[in-house]
Amino acid sequence: MGTECRFCGNKVSANEIGLNKKFFGKKVTEYLCIGCMAKYFSVSEELLNEKIEQFKQAGCVLFV
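Here the sequence shown is numbered in numbering that gives the first Met the number 0, starting from 0 and rising by one per residue.
Misleading hints may appear alongside valid ones.
[Said to hold, decoys possible] In silico DMTMM-like links for lysine to aspartate or glutamate, alpha-carbon gap of 20 Å or less:
#	residue 1	residue 2
1	Lys25	Glu52
2	Lys55	Glu45
3	Lys10	Glu45
4	Lys25	Glu45
5	Lys25	Glu3
6	Lys20	Glu52
7	Lys21	Glu44
No lab work stands behind these hints: they were computed from the structure.
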């Protein structure tokens with residue numbers, strides 16, 4: 000996909016893009032990687048990964 004984190008420049012995965020859209024709105028055009036998002040929200044990466052799994056299990060189409 001070639002999308003990079005706006006803070007650190009690391010490649011952003013499809014699920015990270017989905018999480019950005021879930022938290023910041025579907026029209027967001029710049030994304031944060033899971034590490035930078037964890038720092039931004041002051042939570043663990045593990046919690047964010049758990050959220051991704053919860054959204055997937057709930058059938059959210061933003062996640063693969």
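> Can you name, in rising order, the numbers of the hints this structure does not satisfy?
Replying inline: 4
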